[in-house]
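Chains as they are written, first to last, in the working numbering: chain A, 907 to 1300; chain B, 5 to 441; chain C, 10 to 445; chain D, 2 to 281.
Hint data in this document are derived by calculation from the structure and do not stem from the laboratory.
Fair warning: this is a prediction, and the values are worked out from it, not measured in the lab.
In silico EDC-like pairs for lysine to aspartate or glutamate, Cα to Cα no more than 16 angstroms straight-line:
no.	chain 1	residue 1	chain 2	residue 2
1	B	Lys250	C	Asp311
2	C	Lys118	C	Asp130
3	C	Lys403	C	Asp368
4	C	Lys185	A	Asp1047
5	C	Lys178	A	Asp1048
6	C	Lys98	D	Asp201
7	C	Lys174	A	Glu1060
8	C	Lys171	A	Glu1060
9	D	Lys234	D	Glu247
10	C	Lys182	A	Glu1052
11	B	Lys250	C	Glu428
12	A	Lys1145	A	Asp1101
13	C	Lys227	C	Glu364
14	C	Lys185	A	Glu1046
15	C	Lys33	C	Asp255
16	C	Lys31	C	Asp255
17	A	Lys1223	C	Glu158
18	C	Lys182	A	Glu1046
19	C	Lys182	A	Asp1048
Beyond 12 angstroms from chain C on every Cβ pair, some chain B residues (computed):
no.	residue
20	Gly72
21	Leu79
22	Glu99
23	Arg117
24	Pro139
25	Ser154
26	Arg155
27	Met267
28	Asn332
29	Lys358
30	Glu387
31	Thr416
32	Asn420
33	Val439
On the chain C side, residues computed to face chain B include the following (Cβ under 7 angstroms):
no.	residue
34	Glu428
35	Ser429
36	Gln432
37	Met433
38	Gln436
39	Lys437
40	Gly440
Using N, Cα and C, we set each Cβ at its ideal position, and we do this for glycine too.
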Amino acid sequence: MLDVPVSATAGIIRRCEDLFADLHFSTARAWKAAKPGRKVIGFMPYYVPREIIHAAGALPLGILGGGDQLEVIHGDAYYQSYICRIPRSTIELGVSGRIDFVDGMLFPSICDVIRNLSGMWMLMFPNTAARYVDLPQNFEDDVGGEFYRSELNEIREWLGRITGQPITDDAIRASIEVFNENRRLVREAYTLRTDEPWNVPASELYLVMRAGFVLPVEEHSQLIRDYLASVRDQQRPIKDNSRVVVSGAFCEQPPLTLIKSIELSGCYIVDDDFLLINRWERSDVATDGDPLAALARSFLHDSHSTPPKYEPDQAKKGLYLVEAVRKHRAEGVIFAMASFCDPALLDRPMLQDILKAHGVPQIAFKFAENSGQMQPIREQAGTFSDSIKLWSGA
Amino acid sequence: MRTFIGIDLGSTTTKAVLLDENRDVIGRGITNSRSNYATAARVASEEARIDGRFTLFRRALESGEANGDLVQAFLGALERNFRLVQFLEQLGDLEETCLGQLKTERFAKVADRMGEALNEVFRRLRAEAPDLYAPGAVRKSDFFRDIAGSRFHVHADAVAEESAVPHEILLNAYDKSIIDVENRPPSGDMSDKFHRAMERVLEIDPHLIDGANDVPARIENTLGLELEETYLVGTGYGRVTLPFSKEHIRSEILCHGLGAHMMYPKTRTVLDIGGQDTKGIQVDGSGIVANFQMNDRCAAGCGRYLGYIADEMNMGLHELGPLAMKSNRPARINSTCTVFAGAELRDRLSLGEKREDILAGLHRAIILRAISIISRSGGVTDEFTFTGGVAKNEAAVRELRKLIKENYGDVTININPDSIYTGALGAAEFARRAVVS
Amino acid sequence: MTIITRPASKPADIIKDASMSKQKDMMARHYERLSDAPTNGEKVAATFVPGNLNELLMCFGLVNNLPEVNAIQSGLRKQSGGYVMEAEKSGHSEDVCTYVKSDIGMMSKGNIGPNGRKLPDPDVLLLSYTGCFTFMKWFELLRQQYNCETIMFHTPYMADGKITKDMIKYMVKQLKQDVIPKLEKVSGVKFDIDLLREHLRKSAIAEDDLVWVLQSAKTKPSPIDAYFGGIYYIGPIFGAFRGTDDAIDYYRFLRQEVEERIAEGKGPVTPDGDMGQERYRLVVEGPPNYTHFRQFWKMFYDEGAVVVASSYTKVGGTYDFGFRHDPVNPLESLAEYCLNVYTNRNLPMRVDMLENYIDEYQADGLLINSIKSCNSFSAGQLLMMREVEKRTGKPAAFIETDLVDPRYFSPANIKNRLESYFQMIEQKRAGLRGAA
Amino acid sequence: MPITAGIDVGTGAVKVAVFDVHGGTETCLAKRVERVRQRDPLKLAAQIYNDVVKAAGLARNDIAYCATTGEGEALDFHTGHFYSMTTHARGAIYLRPDARAALDVGALHGRAIRLDERGKVLNYKMTSQCASGSGQFLENIARYLGIAQDEIGSLSQQSDNPEKVSGICAVLAETDVINMVSRGITAPNILKGIHESMADRLAKLLKTIGTVDGVIQMTGGLALDAGLVEAMKEATARAKITAPIESHPDAIFAGAFGAALWGAFRHEKFARLAEQAKAA
Ligand SMILES: Nc1ncnc2c1ncn2[C@@H]1O[C@H](COP(=O)(O)OP(=O)(O)O)[C@@H](O)[C@H]1O
Ligand SMILES: Nc1ncnc2c1ncn2[C@@H]1O[C@H](COP(=O)(O)OP(=O)(O)O)[C@@H](O)[C@H]1O
Ligand code: SF4
Ligand code: SF4
Ligand code: SF4
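Generate coordinates for the entire structure from the input sequences, incorporating the hints supplied.
As structure tokens, then:
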């Protein structure tokens, strides 16, 4: 026990930090050990239907690479230098036995790298069930929707085989409700940050959201409630910072020091897409009718835009970002994309064009999950906030 | 006698090995790979022949009147004095070249004062030379460029202060001269240098060979023995620029595999970390390469990296390891870009991290990369041999042992003091096989 | 001792066989047709090689323009380096696929085709295959440039190694409800399924001959190089000629030519004439490098290395495993074709294929040419290499280049690895002989 | 009418300048640059700052605003910190009022910065994390060739047939260069080759930031390298960049100047605010 009094927020954040730093996933291991027969299903970015995993009584566990604290020894043996970091650190987690308790792995359709990783998993870890989650690029209910529903159904059967029990519609509907509650809280937290960024630093909010990848959803919802309450309870000094949106189509995660560096160099991050899955659906998913169809509908019509998702309507391409700037009253956008991330980096010029067309200031740089040198990042973010600051009201 | 020579033209050093018909190593020679590869190859093989002479001296003396200790002491003294003679000769060349620079326009204005200063610097260099080669003395490296360079710095600093000549300009004169000097092929008659060295030895300590009167004659005899260059094989990074035809060239991978097999016939996995590449090689029971992997186009994490760090810290290469060994909390270093290494070092020093911790972290980073290359080539199979220049670095070796143990369990790890010659050794054997098979 | 000097870089005359000249003619004719399209009132569809729906496009009288092939042509003509730089200057990342950047750079430099004439703007963009995510972004970028009708035809991934009914249903539905109506709208031509059947029938004939030619490499010595030469062979069928009489003619002709070579016991034709003695038989995985194509190929044939099978010649369809376009089930067959494209197969399938090639073609080993641009190919290749090595016991080697970015072709480096690899195979053989 | 100071702590050198800003005039009272050379840059900066203040005939508490830039944020006595691109932009405007872009070439990084007439950064592009083609690389090679820093420029300008440096990696390029010496390529041609490859990279940066309708002002230490400046002119011409590119004898001070001038700007703004507060 520490003898200095710790504020409630600091306590919550410390817990999140511990969860974040724990590359052995002890909480998830403990959860699994607590009851015989429990299953853990790992998933990679950017989106999987966690509701079905939950409905199967299993724990959806987000695997987001190894961050900057994992020493990658074998992972590099599987990837050339011009491929992003996240698959190699994920392989490292696998080879080193850190995720040996995971019963199944889901690899969503985000890019060629994760797609191929699904096959690598099958070859390397034949004892773990591995499955690719194909996501539709056609957004008509009776075409893409129908296909996606069949895909969801296959996932449901796959999970059923892992747990040994079929998953009922009712169970899925109940899980959707649990996740709806979580999404509401997540939205609330983001809104609070937009209103009072000095009270909700991005590096904190990130940790709180990141905890949702390893905790059971009910526990995570409670964590957010606690965090919101403690934050509302305290008032931190307001700084002369500029307001920015950080956009990176995050699959590979930025090192925490990167988020902190951006903040330290004079920026309030008022919106970001670090962890989109937490608020993938913009509103509640329907809890009546065919639950798989409901999930499919939300995916098609009510989900965030992100580079791996095709935009059928050219007129809408990239508008979501302009929208985010407006909604969060941001003064500029910082693009931070993972090095060698083709989907994000190929999308970037198009996003930049649309921001330019709307007169939104922007800068762009790249990172890797293990970037050690933050100096160039501070430099760029700092110059950006300098220029916003020096000229504000001028 | 017939000899077979293998030359490994590396990116930083050029190594030569001289083999006799019985597959015994007669001599080894090394020099820095300079701008002239042909010269480097010549110097290295010359050095190998010099070393070969010492082997032959030993053989000749051991069968004579002198006892083991005496042979040891005598040959030690002979070698030191031989090196000193060599050093002084090159120093003379350097002095002449430096003074020659004064005629150029650049130095014209200060030529007089500078001439005096240079004379003084070289006087001091010559005066301390015997100390450099005294028994037990430690030198920054064995290459003229490094020894002369570092001592020149020291003396130029002092002399500049005393004689009010800018320090920079003295260094510049040295920088301008050294390339020429080291690219001049070795001059003078080798036997003559041996004779001079002999004279020095006997002058300093005539009693050294008391009781073994046959020594001078035996040495003389051996010097008369011709070392015929029967066949030569070149390998290494610079092999394509060697003036050899195709049948005299082998890939360095095969040479390293074979060389490691010759040193340790049971070896199955070989790691070689050289100046700008790192190789993981798997060999079978007869030294045939079964698989290999190399670093890609980025030279991050190779030996040259340590060179930059040493320059940055103003230390000798061989001092890095010992300093890093002092650390028990290596820093975590992610970027191993060789060129940024200096910047990262400064960055971290300014954040208050300790030098040894940073250094230890840098060594670990190099080895981590190497381990992943081995992993790529198929992992580690008993026995494991570590070769190349970096194998001389104890901190790198410590990390390697740790990581091999953690990842592959108890594996025999071979590190030979002559590991830097592995590639040249393999090449020499290929040369031998081309003739004697 | 002979002194080796730098290789004289005097460009010798390239030696071509008749089929290659024929192929070049076809390509040249196609580019002329493209350039003339605006004046002739023909409409142009831009689409990709993998999942190329040429038969369908022909039903609407659309001329097929393939940005990938344009990028290859730019690579061969040493223009791509400049184009890539151009694209990077305009804000594209250094990290991403250089195919895209070469295309974008070429557009910003006036879109001049290999025939020296301007290529027409497309009237429709048909994104007919999504086995590579880059394609999707590529077409979003093109759409931004051309502002024309853009059709997304989503191909599910063969993640479990099988094609399900739902996949086919999804794809056929996309064809019926989205692709065909939009093509009708753009072209003003009504869709005629019988015309499609006729084209598919022709495709299958040419496909038979292509497969025969590729499999001729099982002969020793191999009469063809299935990678460097193979690239010429697949040109017509992966491009704008599948489903035409031209393609049938070409492949029949090619087959005869190869039959003759086998009868004469000849090896492949190289740019320097007939190849010398066959010393190494290789299977190659990954695309080639186009910016230094001849220099690259030379590193092989100079050493007597011939490629007997390659995965790259399957990027536009894996016909050698039995798939043929089928006039009986036209739409289903198009869907199945797209699903079967090499990079749409999961990794275990790709490993099986390579293993199979090494056995069936009696190869000495696997060489992977890993392409910096292409995650679709490259991500996972190191594991594939290990697996194939483990299963076949044959040595494998790994080199890295790029398709069209000359900066990533480092001759000394590649030559070093290739030489080491060949010497290693040689040594192994000698070892085996010694042991026997 | 404040007296302000700018301290630019770089990886290669520390630069300090003291300014007197009043009315529309900006006068540099004293300035100094010192190579870091394995010393502690912060201690060095503090010491040079003292010297420069003294040289200007002032005492430390005469300085109304002490602005840092570069790595100077860690100096405890600074009033405020501005990031390098902000200060180089302002410095460029000071050196040349018609500058609309700054090309800052320092020891490790190159940056192209587009700015408006007030020195506001509109857009920028930096070299990547890879050190190929950096000033440090040039320095190492020159050292190897036995060439002093101030000789590089004129030698490079004597080149008649520059040799292309191909390697993407600085380490491998180094071997390239050593090979060149062995092939008998002259020092001017080697240096020019390096300058050209650097210049092409930098031109690429310039191209990325968009059209500049004014002068491109080179700043940073390497702007003093006449060979690079010349190569830059050629490279911009090759890249069809129409804006003229210029250097300045004080180019290395751009960061320090910019910091001092922004300091004055902030100081006046604060003063105004304080006044308003008093009035209210
Ligand atoms: N005494 C030493 N202590 C530590 N490292 C050394 C020592 N000697 C050489 N090295 C390292 O070895 C490298 C050269 O290794 P080498 O195998 O000769 O490479 P190459 O064949 O590429 O020239 C140098 O870059 C240096 O880092
Ligand atoms: N007169 C000169 N000629 C050529 N280069 C110079 C000259 N003076 C300084 N430099 C170069 O400028 C660099 C330092 O530039 P600077 O802008 O101060 O960089 P940083 O801010 O990174 O320290 C050094 O690498 C040095 O090589
Ligand atoms: S970071 Fe980008 S390229 Fe890498 S796995 Fe994620 S989405 Fe794919
Ligand atoms: S990533 Fe590969 S398959 Fe995709 S466009 Fe580029 S080269 Fe082609
Ligand atoms: S990162 Fe460093 S070591 Fe690697 S290629 Fe670039 S300069 Fe070379």
